[in-house]
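For reference, the chains in residue letters:
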Amino acid sequence: MQSPKFSVGDFVASMNQTLEYAYTGVVVEGEVESFKVNQGKFVFFNLKDDKASVGCFMMVFALRVPLEDGMKIEVRARPKLTQFGKFSLTIEAIRPVGEGSIKKSFELLKAKLDAEGLFAPERKRTLPSIPRTVGVISSMQSAGYADFMKIADERWGGVSFRVYHTTVQGIDAPDDIVKAINFFNQLAEPVDALVVIRGGGSADDLAAFNDETLVRAIAASRTPTLVGVGHEIDTTLSDLVADVRAATPSNAAQLLLPDKRDTSEHVRYMMSRLTPRIVRVCEQRSDHVRMQLNSAQTALTEQVSHVETKIRHISQLLSQYNPAIVLRRGYAIVRGDMRAGGVIDIEMDNVRLTAEVHTYDEKR
Amino acid sequence: MTKKDNPTIEEKIAMLEQKVAWFDGDEFALEQAMDRYDEAQKLADEIQVELADLKNTIERVNLTEG
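Going down the list, the protein sequences come from chains C and P.
Just so we're aligned: 229 in the working numbering is position 229 of the first sequence, and the numbers increase by one with no gaps anywhere.
Just so we're aligned: 34 in the working numbering is position 34 of the second sequence, and the numbers increase by one with no gaps anywhere.
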C-alpha cells in the first residue's frame with residue numbers, strides 16, 4: 001500500500017480535518033502553566049498534569065474566568081495543528097475545578113467586578129411588592145425549582161410564572177442562563193421580576209454562577225433580578241450582583257411574594273378595628289351628652305341655691321323689722337295722747353301699761 | 001373592561017386600607033359609619049375569597065430546548 005503524499009500545507013489541513021472529525025470537541029482537565037496575554041487580545045497557556053503538557057490558545061474576550069498559573073481548570077476545546085506544526089487546543093470554554101481553583105477564581109473576579117462597582121448597594125433595585133409575571137430561570141427537574149414553586153404556591157396566587165428551563169451546572173450552564181436572561185429581557189412585555197434559582201451543591205456544581213459573562217448579564221438585566229443559588233452558606237458572584245439575594249430557592253419565593261396568610265390576617269385586623277372605633281365614638285358622644293346634662297344640672301342647682309340664699313337673707317332682714325322682735329330687744333310701743341296730762345298705752349315685750357304723760361318736750 | 005372595573009387584589013387591599021383610614025380620619029361621621037362599614041366588610045370578604053381561590057400558572061417558555 002502506497003503512503004499518501006502531501007504538501008506541508010495540505011498535510012496540516014488534512015490533519016486538522018481528521019482531528020475535527022475525530023474530536024469535534026474535547027474536555028480536558030489540567031493545571032494552568034505559563035499563562036500570558038499577548039497584545040491584549042490573545043491568551044496562551046499550557047495545560048499540564050504529571051504526565052504531559054499541551055499548549056492552549058483562546059481570544060481574550062472569551063476568557064470568562066480569571067486564570068493564574070497553578071489553577072486547576074477544565075476546558076472545552078478543539079484540538080488543532082497550527083501552520084507551524086505545533087499542536088494546541090483552541091479553547092471554547094473554561095471552568096475552574098477543585099476547591100482551591102474555584103476559590104481563587106472567585107476572589108480574583110470578585111475583586112475585579114467590585115472595582116467596577118457591580119456589587120454596589122446603590123445599583124440594587126427593589127422587586128415589585130406583588131409581581132404579576134415572573135421569569136424563572138432554572139432546571140425544572142431540580143429540587144431547588146420544586147422548592148421554589150412549592151413555597152410560591154403556598155404564599156401567593158395569581159402569578160404567571162414563565163419558566164426557562166436550563167442546565168444549572170457544568171461548562172455550558174453559564175451560556176444557557178445568559179441566553180435565558182437575554183430571552184426575558186427582549187420580551188415585548190417584560191416580566192415584573194426575574195428569578196434565577198438552583199438548589200444546593202458542591203463548590204464545583206455552583207461554579208457556573210461565578211462566570212463573568214453570566215454575572216454581567218445579571219447586572220445588565222432590565223428586569224429586576226432575584227438570585228437564590230445553593231444553601232445559606234454558599235455565596236456566588238451571581239448572588240452578589242443580583243438586585244435581591246436569596247439564601248436558598250425557598251427563600252427566593254419568600255422574598256418574591258407576600259404570604260397570603262399574613263395578608264388575610266391583615267385584612268381581618270383592619271376590619272376588627274372598625275367596630276371598636278364606632279363604639280368608641282358612640283361612647284364619646286354619650287359621654288359628651290352626659291357631661292352636658294351634668295353641667296346643666298349643676299348650673300340649675302347653683303341657681304336654686306343662690307335664690308334660696310337670697311330669700312333666706314331677705315327673710316332674715318324682714319324679721320329684723322318685726323315689732324315683736326323689736327319689743328323683745330327691750331323697746332316699747334307708745335300709743336295715745338302725747339301731750340302733758342294725756343293718757344298713753346305702753347306695749348312692751350310681755351306687758352302692757354297705761355300711763356299719764358307728765359311732761360312733753362320736743363327734741364331739738 | 002377597564003382596570004377600575006376589575007381591580008387587582010393589591011388594588012382591592014389598597015381600597016380597603018383607604019376605607020379603613022376614613023374611620024380614623026377627621027372626616028369620620030357617625031351618621032355614615034354603618035354604610036361605610038358595610039362597604040369595607042364586603043370588600044374584605046371579596047379579598048379573602050380571592051386570596052383563597054387564586055392559583056399560580058406555570059408556562060415553560062423554551063419548549064423546543066432541553
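Simulated from the structure, these hints should not be mistaken for laboratory data.
Owing to the predicted nature of the structure, the values given are computational and were not obtained by experimental measurement.
Hints should not be assumed to be uniformly reliable.
What the hints assert, rightly or not - With a straight-line cut-off of 35 Å between C-alpha atoms, the simulated DSBU-like cross-links for lysine-lysine are: (1) Lys-42(P) to Lys-124(C); (2) Lys-19(P) to Lys-260(C); (3) Lys-12(P) to Lys-260(C); (4) Lys-55(P) to Lys-48(C); (5) Lys-72(C) to Lys-55(P); (6) Lys-179(C) to Lys-55(P); (7) Lys-260(C) to Lys-55(P); (8) Lys-55(P) to Lys-124(C); (9) Lys-42(P) to Lys-150(C).
Claimed, not checked - Which stretches of chain P does chain C cover? Using the computed rule of at least three CB atoms under 8 Å from a CB of chain C, they are: (10) 9–20; (11) 24–32; (12) 54–62.
Unchecked claim - Facing chain C, a subset of chain P residues (Cβ under 8 Å, in silico): (13) Tyr-37; (14) Ala-40; (15) Gln-41; (16) Ala-44; (17) Gln-48; (18) Val-49.
Beta carbons: idealized from backbone N, C-alpha and C, even for Gly.
Comparing the hints with the structure gives:
1. Lys-42(P) to Lys-124(C): Outside the cut-off at roughly 39 Å; violated.
2. Lys-19(P) to Lys-260(C): Given pair Lys-19(P), Lys-260(C) holds - Cα atoms ~20 Å apart, limit 35 Å.
3. Lys-12(P) to Lys-260(C): The hint holds at about 14 Å.
4. Lys-55(P) to Lys-48(C): Not OK: Lys-55(P) and Lys-48(C) at ~55 Å, beyond 35 Å, violated.
5. Lys-72(C) to Lys-55(P): Roughly 48 Å between the alpha carbons, so the hint for Lys-72(C) and Lys-55(P) is violated.
6. Lys-179(C) to Lys-55(P): holds, 29 Å
7. Lys-260(C) to Lys-55(P): holds, 12 Å
8. Lys-55(P) to Lys-124(C): Holds, because 30 Å separates the two Cα atoms, which is no more than 35 Å.
9. Lys-42(P) to Lys-150(C): holds, 31 Å
10. 9–20: Holds, because 6 residues of the region 9–20 of chain P bring their Cβ atoms closer than 8 Å to Cβ atoms of chain C.
11. 24–32: holds (count 3)
12. 54–62: As far as the region 54–62 of chain P goes, the hint holds, because 9 residues have Cβ atoms under 8 Å from chain C.
13. Tyr-37: holds, 6 Å
14. Ala-40: holds, 7 Å
15. Gln-41: Holds - the Cβ of Gln-41(P) comes within 8 Å of chain C, reaching about 6 Å at its closest.
16. Ala-44: Holds, about 5 Å.
17. Gln-48: Holds, because the Cβ-Cβ distance from Gln-48(P) to chain C comes to roughly 6 Å (cut-off 8 Å).
18. Val-49: With a closest approach of 10 Å, the Val-49(P) hint is violated.
In summary, the structure is inconsistent with hints 1, 4, 5 and 18 from the numbered list given earlier, while agreeing with the others.
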